[in-house]
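There are 6 protein chains.
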Amino acid sequence: MIDKTDAIIELALQEDIGHQDVTTRILIDNNETGSSHIRAKEDFLLAGIEVFSRVFYRLKKEIKITSFFDNGEEIKEGDIIAELTGPLWALLAGERTALNFLQRLAGIATYTRQVVKKIERYPVRILDTRKTTPGWRILEKEAVRIGGGYNHRWGLYDGILIKDNHIKAAGGIAKAIEKARLKAPLLSKIEVETTSFEEVEAALKAKADIIMLDNMSLEHIKRAVERIGKKVPVEASGGITLKTVEAIAKTGIDFISMGELTTVSRAVDITMELEN
Amino acid sequence: MIDKTDAIIELALQEDIGHQDVTTRILIDNNETGSSHIRAKEDFLLAGIEVFSRVFYRLKKEIKITSFFDNGEEIKEGDIIAELTGPLWALLAGERTALNFLQRLAGIATYTRQVVKKIERYPVRILDTRKTTPGWRILEKEAVRIGGGYNHRWGLYDGILIKDNHIKAAGGIAKAIEKARLKAPLLSKIEVETTSFEEVEAALKAKADIIMLDNMSLEHIKRAVERIGKKVPVEASGGITLKTVEAIAKTGIDFISMGELTTVSRAVDITMELEN
Amino acid sequence: MIDKTDAIIELALQEDIGHQDVTTRILIDNNETGSSHIRAKEDFLLAGIEVFSRVFYRLKKEIKITSFFDNGEEIKEGDIIAELTGPLWALLAGERTALNFLQRLAGIATYTRQVVKKIERYPVRILDTRKTTPGWRILEKEAVRIGGGYNHRWGLYDGILIKDNHIKAAGGIAKAIEKARLKAPLLSKIEVETTSFEEVEAALKAKADIIMLDNMSLEHIKRAVERIGKKVPVEASGGITLKTVEAIAKTGIDFISMGELTTVSRAVDITMELEN
Amino acid sequence: MIDKTDAIIELALQEDIGHQDVTTRILIDNNETGSSHIRAKEDFLLAGIEVFSRVFYRLKKEIKITSFFDNGEEIKEGDIIAELTGPLWALLAGERTALNFLQRLAGIATYTRQVVKKIERYPVRILDTRKTTPGWRILEKEAVRIGGGYNHRWGLYDGILIKDNHIKAAGGIAKAIEKARLKAPLLSKIEVETTSFEEVEAALKAKADIIMLDNMSLEHIKRAVERIGKKVPVEASGGITLKTVEAIAKTGIDFISMGELTTVSRAVDITMELEN
Amino acid sequence: MIDKTDAIIELALQEDIGHQDVTTRILIDNNETGSSHIRAKEDFLLAGIEVFSRVFYRLKKEIKITSFFDNGEEIKEGDIIAELTGPLWALLAGERTALNFLQRLAGIATYTRQVVKKIERYPVRILDTRKTTPGWRILEKEAVRIGGGYNHRWGLYDGILIKDNHIKAAGGIAKAIEKARLKAPLLSKIEVETTSFEEVEAALKAKADIIMLDNMSLEHIKRAVERIGKKVPVEASGGITLKTVEAIAKTGIDFISMGELTTVSRAVDITMELEN
Amino acid sequence: MIDKTDAIIELALQEDIGHQDVTTRILIDNNETGSSHIRAKEDFLLAGIEVFSRVFYRLKKEIKITSFFDNGEEIKEGDIIAELTGPLWALLAGERTALNFLQRLAGIATYTRQVVKKIERYPVRILDTRKTTPGWRILEKEAVRIGGGYNHRWGLYDGILIKDNHIKAAGGIAKAIEKARLKAPLLSKIEVETTSFEEVEAALKAKADIIMLDNMSLEHIKRAVERIGKKVPVEASGGITLKTVEAIAKTGIDFISMGELTTVSRAVDITMELEN
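Residue numbers (this note's numbering), protein chains in the order written: chain A, 8 to 283; chain B, 8 to 283; chain C, 8 to 283; chain D, 8 to 283; chain E, 8 to 283; chain F, 8 to 283.
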């Protein structure tokens, strides 16, 4: 099955290699084999190791890769993460693309872990959002889980999230929830985005499955959480950062969703070294 | 012509929308039209505005988009960047994907501009690298140009860059350059990566078209630049950051390539607001 | 956006037309235009009319199509459903494929409507299943809705349905639900398939969001429904037919899922007639 | 070679699995293996067994499948048709799609066999039509052959079938056949659809390779067959059912084409059971 | 419908343009428009003019193209064949690919016409073969028709051609034809390849629809044609050239197939000139 | 990685085989295996042998192929080039497509070798052009190298070639080169097409990396070469043939590009013979 991960890998290899790696075609004999290892140049949490391998397998399935760490393990600067053996041209041609995947995904897991550590004493879960890199949704959502976060919906297709405009179009929160309840696929919960206490009341009354507090101040979040009183799970969302997340966790909220997990995390530093 | 930009847009829309936007299908009438605008929530340099539009056109070509700014213009917090009119369902379904492209590309242009400002008094050019987001090469290289940077090669296919392993396989720098000179496509220059003064000498002697100084200290870069003495363009590469770039520029180097342009830049904050 | 409907239409046109419609290439002038209409040859409920049009538009976008009925309307034998005008070769080349879609989808809607009529006096909803024609999921699920049915999940990706083997692997219903509750995407409900009263009890206790009674006898369904007593929605599933559906509806069950909607429904009879 | 069967299998797996089987991801360990068998829940004629396997191989090529029956064999209720061993997640994720193919194709073969039995004492062949499920042409045509039927043309590309409109455009049957004879690919026969005795006469005179009697009454078919007197093969077509097929066979006709083979046949009942 | 012509055009544009036409991106303003015409630099028979246009439309649908000649017309050196107006970048980027199609297809039509002229006094038709340029089958077969030739089968799928190995596997010509007659799609003729008089006799006796004389000498062809005596059409095949074709036509053969039509024909000379 | 070679092979197999090889399906048992060899029917230079194999592997990866010659070796009439063993149906179905690739590519290598021999006493290199068969760029460029030629740029993406119109748009050669120098990717050389001595002077002065003399007479080429005096490499281009190439080589030019390499070369004669 050619899945979306194959699609993005394919696209990536094609944009980098194009008709061929000209330097390597000219200077490296087609039959020459080689070995290399990848080494961490800083501390981080590993994610993306199987995508890293998949890039090389997709390029040339004869490449052998041995990983010394699994996704989710803490890597220290200097650690050898994996070893590769195979046609030298393929090691050289796949290096950059494979590392580009690995460095970014490990970056997301590492950042997520940092956030999660901030709130680990509270009964709250950190959620990702749909603010992922286009083409990378499936990979980034997994990196978030590896870092200790949880997944909000995967896309527009696997959950009902009623926003401002849906409410207006339906004629109010009550009507929107009622209509959604009738038409939703059997296994979809219904979440309602609220921006005021009136809306929170309406959502409670209409029996939303989950209530989102969108861009509310800390004070308002506290009041809303109290009012809702565990009757239904509550999610805080909007502009939450590594700095503010703990204060929000303290309000007793059930879920905190953070676009930052996938928009500000940076690639970690990993290098491939060829052996002689 | 279905180019790579269409491919990544297609992938992005499919991963977000899947079989359909269920909330919208249930709550928004198919024939309802609407308007929206996108608004900057911080200052940045605009890039990606035509990709933003292309996402919506690809989703539903009847959407009308008016842009008030071009790529390369300075945007201030609060600026309305563009207005959209069209089927309401399509505005809602395309919003997240279109913004995800725009926010990241503007982030790269903005960061590049910051770097470029640091070195604008020096006769040096900032170059991107191949450390781009897999699937996004063409988009990110353009964002770098918009920010005032220049493009190194686009991939392994459009230039000869001789590294350590190529040199070993060929039996030395002289032989590698000679062989490359013979076999290179007519219009490709030959750049050699050097890590020592001996290698710089060898590259000079063998008449490389460009010499790269890889991961050299500031001191070494200075000495190498002096030695080369404008005989051939010189590029500094490896671990250069916003903080260190100016010092390197002062060495008289011709080009500075920075992976950071595309690996640490973050998405800028832009929002879409529906009108009533 | 090239969605799955385009993919199946494309596949269908290619398998029927191949390199070309040879008869038409030889006998019909390329510039000749024509008109045709489609006429019902029996009574049915209309579904698939927009896919019918999409086939022709995909083949030749200059074709004009006017529909006289919408999906969901009752069609009587002899009714003219739509008129087409355009290049004659395209009307001839697209006819069979477009009708093949329309006839089957209308067949599903018609059959669903029959089932729904049987149970309309009971507060129960008829659900489809994943027993759809491979490649047609999205189209058939919509035809079911048009016929008055409701959608169970769309695929393995948009809902948690815990079956026998999942329960075994997790070490019992309680543990399975607990684990699923922890790991499920935020907006997914958890349904458990049960085959005995013990399992029903366990599912109730573990707070499943929905309980499925799989292949239970009418008697057992009644008892289970009573026991559950509206604490949580209950679905009957397994081998339910047009003949048995009403008896099951009488048990007070909330949902009845029927594979039959998409496995035994037949294509209705519709014809295209060219005008002179 | 990625043929059309792979294309429809790919589409089917993607629409069912999407980004992943969430239940299985959460509850089944990735390395767990399992076994299952498929069992007939009614009597039928087997078809589609190699497509069934291909679905699983496409999903995960390590799955081992042993079939105990070949396409074309009579299956009795309770028969174990095949056994599967492999990663448990893959058995669960591929089950529904693989069965959906198998059940429908076996249904077509079974129905075709029923029709063929009705006419086995007559020197006539049962033909399929182009009224197949879009996307399934190649699979359904093979199921018809397995059931004892024969294939009419595969699409618009592999045979000349001159209908009403082609005749009009060419200015009569004689001219149409003459023109087709001149322009047809070397190995294509020319069949003419006739609806009256005059047309039959014209087709005979113009030396059509095959004459189709379209929607004629039994009486008219008899007369036409007599008139043609074995000079050229004759095909009866249009609205022929399991009930009427024998009467038509008695007329001495050479071929009977029946859309019903692929439009009214239903999926047979087959189940997969996991072993412990 | 994305047909095979679009597929080869797409492939061609991508291999030539890649990520972009760098020269044009740098030197031509995106909004600049221009005009050009294509001019014949030798005499030839026109073919491929609609593919030429399709390349440009596929690249940028706003380009306007006016053709002054149709496929099948004789072009004289110096003739202006068509005029184009549109974005200058697109005229420049599409030029080479569009001409590459046009020049080769016109070359095939021109060569076919030459062959056809040699035999125009004889009641014989010139046929193409499957020795076409991979990826170009549909285009080259049409160019042959434009040149006055006729099409043999389009591929392995639209006709039965029984060769040596098929005969061996079936146990002789008689058995092979009998089996093929039984299993062939309704509208496929059966041709048999023969290399001796014994095989010709066997094919005649078994009522092949067409007999091919493969690589026979002129003398043998004559004798075979006499023996067959118009009972069934006869095709000469194998190594026939522009020089030998007339002698073969004189034997009274019905069809002559020539691989040369598509393997030795050369591209004609056509140029595009930009206007000021 | 599915590269462009796979894409053209895929397209080729699909256009030839379509839904299936009907003759073989009917007459050859699916499990029958066979052997064959390919034999040269004339002398030529081998190219395309790995593409030949790739066609068969793509069709059925179980086929075993042993090559007795490598690309670049001289083949004599009668030589057995390779042997194949595998499923008989696959040998028959892949034969034509695989040979079509091989014959054309060997034809290009053979013709290139002929040209190269003509000029081997001169210090000049023969270059290909972009006048390749659409879809075959990568294959034909390699065949040229095998024949002893060199590659000009691969497409519009990997080199700057400034032509007439670019010069006009930029306002003269000097400005065009200056602008290109500023904007070109780091590793691209800049070539300028000149048609007069004035333009040659301007190009020299503006320090073009390479100067092309387009369609100049022998006399003018001589004078231009003298004037340039090895300051920068010079390429002759336009209408150069096997007959005229030596005279041009004598002028002292550095490169000669010839469209003929890929537009007039013909397919060489190679056959596949099945063994018993």
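Check the hints yourself; a few may be wrong.
Since the list gives no way to pick out one identical chain from another, each pair is judged satisfied if it fits inside one copy or across any two copies.
Claimed, not checked - Computed cross-link-like contacts, BS3-like style, restricted to lysine-lysine with a CA-CA straight-line distance of at most 30 angstroms:
#, residue 1, residue 2
1, K125, K237
2, K250, K11
3, K186, K257
4, K257, K48
5, K257, K190
6, K48, K238
7, K11, K214
8, K11, K190
9, K48, K190
10, K186, K125
11, K71, K138
12, K190, K237
13, K125, K190
14, K175, K214
15, K250, K67
It is worth saying that the hints were derived from the structure and are not from the lab. All values derive from a computational prediction rather than experimental measurement.
### Task
Check each numbered hint from earlier against the structure, then list the numbers of those it violates in ascending order.
Numbers 2, 6, 7, 9 and 15, in rising order.
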